[in-house]
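**Q** Sequence:
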Amino acid sequence: MFIVKTDRDREKAMDPGSIGLPENLPNLQLYFLLVLVYAVITPILLPFVLVFFIFVFFIFSAVRQHVCN
Numbered sequence: 001m002f003i004v005k006t007d008r009d010r011e012k013a014m015d016p017g018s019i020g021l022p023e024n025l026p027n028l029q030l031y032f033l034l035v036l037v038y039a040v041i042t043p044i045l046l047p048f049v050l051v052f053f054i055f056v057f058f059i060f061s062a063v064r065q066h067v068c069n
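According to full-length UniProt numbering, the stretch in the sequence shown is residues 1 to 69, in order.
Keep in mind that the hints were calculated from the coordinates and are not lab data. Wrong hints could be hidden among the right ones.
[What the hints assert, rightly or not] Simulated pairs of lysine to any residue, SDA-like, Cα-Cα distance not exceeding 25 Å:
#1 Lys12 - His66
#2 Lys12 - Val67
#3 Lys12 - Pro22
#4 Lys12 - Glu23
#5 Lys12 - Asn27
#6 Lys12 - Gln65
#7 Lys12 - Arg64
Start from the sequences, fold in the hints, and give me the full structure.
**A** Below, the structure is given as structure tokens:
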């Protein structure tokens, strides 16, 4: 329950916002491409990158679930 005084405040409080996918997806694609290129050269990076992408997946799924509900 939000405590609001006007209809505009109510609309602002109920607006979930955006996860910014058009701004963030190209960065993630670049990271993925760099991982594919450098995984052949330095395979020691793979576990760290895997942890990074798992972390990003959970963050985006939690934000998406919050935005959709």
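**Q** Quick one, are Lys12 and Asn27 close enough, alpha carbons at most 25 Å?
**A** Distance ~29 Å between Lys12 and Asn27 Cα, so the pair is violated.
**Q** Is the straight-line distance between the alpha-carbon of Lys12 and that of Val67 25 Å or less?
**A** 14 Å, holds
**Q** Given the proposed pairing of Lys12 with Glu23, does the C-alpha separation stay at or below 25 Å?
**A** 22 Å, holds
**Q** Please work out if Lys12 and Gln65 have their alpha carbons no farther apart than 25 Å.
**A** 19 Å, holds
**Q** Verify the proposed pairing of Lys12 with Pro22, using a straight-line Cα cut of 25 Å.
**A** Holds, at about 22 Å.
**Q** If you draw a straight line from the CA of Lys12 to the CA of Arg64, is it 25 Å or shorter?
**A** 18 Å, holds
**Q** Check the hint pairing Lys12 with His66 against an upper bound of 25 Å on the C-alpha distance.
**A** Holds: Lys12 and His66 sit about 16 Å apart, inside 25 Å.
The structure does not agree with numbered hint 5 stated previously, though it agrees with all others.
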